[in-house]
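Novice: Please model the complete structure; the sequences and the hints are all you need to start from.
Listed below are the residues making up each chain.
2 protein chains.
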Amino acid sequence: MTATREARSWTVGELADELGVTTRTLRFYEAEGLISPRRVGAQRVYGARDRTRLKLILRGKRFGMTLAEIREIVDMYDGAASSEQRQLETLLARLEEIAGDLRARQADLRRTLAEVTDVAEQCRTRLAELSATAGPALP
Amino acid sequence: MTATREARSWTVGELADELGVTTRTLRFYEAEGLISPRRVGAQRVYGARDRTRLKLILRGKRFGMTLAEIREIVDMYDGAASSEQRQLETLLARLEEIAGDLRARQADLRRTLAEVTDVAEQCRTRLAELSATAGPALP
DNA sequence: CAGCTCCTTGACGTTTACGTCAACGTCAAT
DNA sequence: ATTGACGTTGACGTAAACGTCAAGGAGCTG
Numbered sequence: 001m002t003a004t005r006e007a008r009s010w011t012v013g014e015l016a017d018e019l020g021v022t023t024r025t026l027r028f029y030e031a032e033g034l035i036s037p038r039r040v041g042a043q044r045v046y047g048a049r050d051r052t053r054l055k056l057i058l059r060g061k062r063f064g065m066t067l068a069e070i071r072e073i074v075d076m077y078d079g080a081a082s083s084e085q086r087q088l089e090t091l092l093a094r095l096e097e098i099a100g101d102l103r104a105r106q107a108d109l110r111r112t113l114a115e116v117t118d119v120a121e122q123c124r125t126r127l128a129e130l131s132a133t134a135g136p137a138l139p
Numbered sequence: 001m002t003a004t005r006e007a008r009s010w011t012v013g014e015l016a017d018e019l020g021v022t023t024r025t026l027r028f029y030e031a032e033g034l035i036s037p038r039r040v041g042a043q044r045v046y047g048a049r050d051r052t053r054l055k056l057i058l059r060g061k062r063f064g065m066t067l068a069e070i071r072e073i074v075d076m077y078d079g080a081a082s083s084e085q086r087q088l089e090t091l092l093a094r095l096e097e098i099a100g101d102l103r104a105r106q107a108d109l110r111r112t113l114a115e116v117t118d119v120a121e122q123c124r125t126r127l128a129e130l131s132a133t134a135g136p137a138l139p
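Just so you know, the protein sequences line up as chains A and B, in that order. 1 is the number of the first residue of the first sequence in our numbering; add one for each residue after it. 1 is the number of the first residue of the second sequence in our numbering; add one for each residue after it.
Be careful, since some hints might not be right.
One copy or two, either will do: identical chains are not told apart, so a pair holds if it fits within one copy or between any two.
[Stated by the list, open to error] SDA-like mimics (lysine to any residue), calculated; alpha carbons at most 25 Å apart, straight line:
(1) K55 <-> T66
(2) K55 <-> A16
(3) K55 <-> L34
(4) K55 <-> Q106
(5) K55 <-> E30
No lab work stands behind these hints, which were simulated from the structure alone.
Specialist: Structure, rendered in structure tokens:
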């Protein structure tokens, strides 16, 4: 009955493995101020919050955001935790900006996917023609 | 009546401006074998096909693809123009792979957008609370 | 013909996001 | 007590994707 809520924690290696990055990456992010895991002695101990944050960071990366942009956001997140009105307003404005960007990306993605599936369709049609008999090549 | 179909063409500068990149970028892409504009004397002359191709390249970039990946695809596009069966099959396979990836991104994007709008909503709620009276801070 | 604008190639610089040692500490197992 | 697996910091290396000169040519314009 000593430790209630045995909160899960990870070492660098464990977390890096789980997230599919290297330990170097995690240390780099820390040096860049994107995360700040606890220390036990000299060793890093990552908690659930760190893990969530890392997932967000990696997602941002998948969307082509730079670490600088990502940091800007996570910093605001922290700043807004204080619930100060101005911080909240700044964060909200930025979030709406981001949401707009994401919606634009969605549209872009839709167009691209449409194009890709269209070309794939043309491929299939052409292949069907080719294997029809010997190949009615040129009409 | 000499030139029928006065096909539109662009100089580096014009095209760079239109696409929102620098001329350096266009020359770099050429050196990387992503485009190969005509030459009139020493000057590059970009046609509609080059322009379309560049738009595709830039879209790929927006999705975080590397130039190497992009090149792989545009090369296949060219290769498949010959309509050889094996080329077509390779292209088709790759296209389906890409389509799958794009769909995964769509899902990822949806999740992210949902999270962002959710946090924004929380912000608004909190702001409303703050400006309600003076601020019913802690329940 | 001088000046301006736009183009050319070539070479070197820069930033981002890590990779890759090196040199060392620590803990458990053999 | 040594080995091995894991951790630490620090310094240096690197690939990608351009940026930034430098040095020059071609064509128009006053």
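Novice: So, for every hint listed, does it hold in this structure?
Specialist: Cross-check of the supplied hints:
In the homo-oligomer, the alpha carbons of K55 and T66 lie at most 25 Å apart both inside one protomer (15 Å) and across protomers (22 Å), since each shortest distance falls under that limit. For a Cα distance limit of 25 Å, the shortest separation of K55 from A16 inside one copy, 11 Å, qualifies, whereas the shortest one across copies, 36 Å, does not. Only within a single protomer do K55 and L34 lie at most 25 Å apart by alpha-carbon distance; the minimum there is 12 Å, versus 34 Å between protomers. Within a single copy, K55 and Q106 get their C-alpha atoms as close as 21 Å, and across copies as close as 17 Å, so both meet the 25 Å cut-off.
Taking identical chains as interchangeable, the C-alpha atoms of K55 and E30 lie at most 25 Å apart only when both belong to the same chain, with a minimum of 14 Å there against 37 Å between chains.
Checked against the numbered hints given earlier, this structure breaks none of them.
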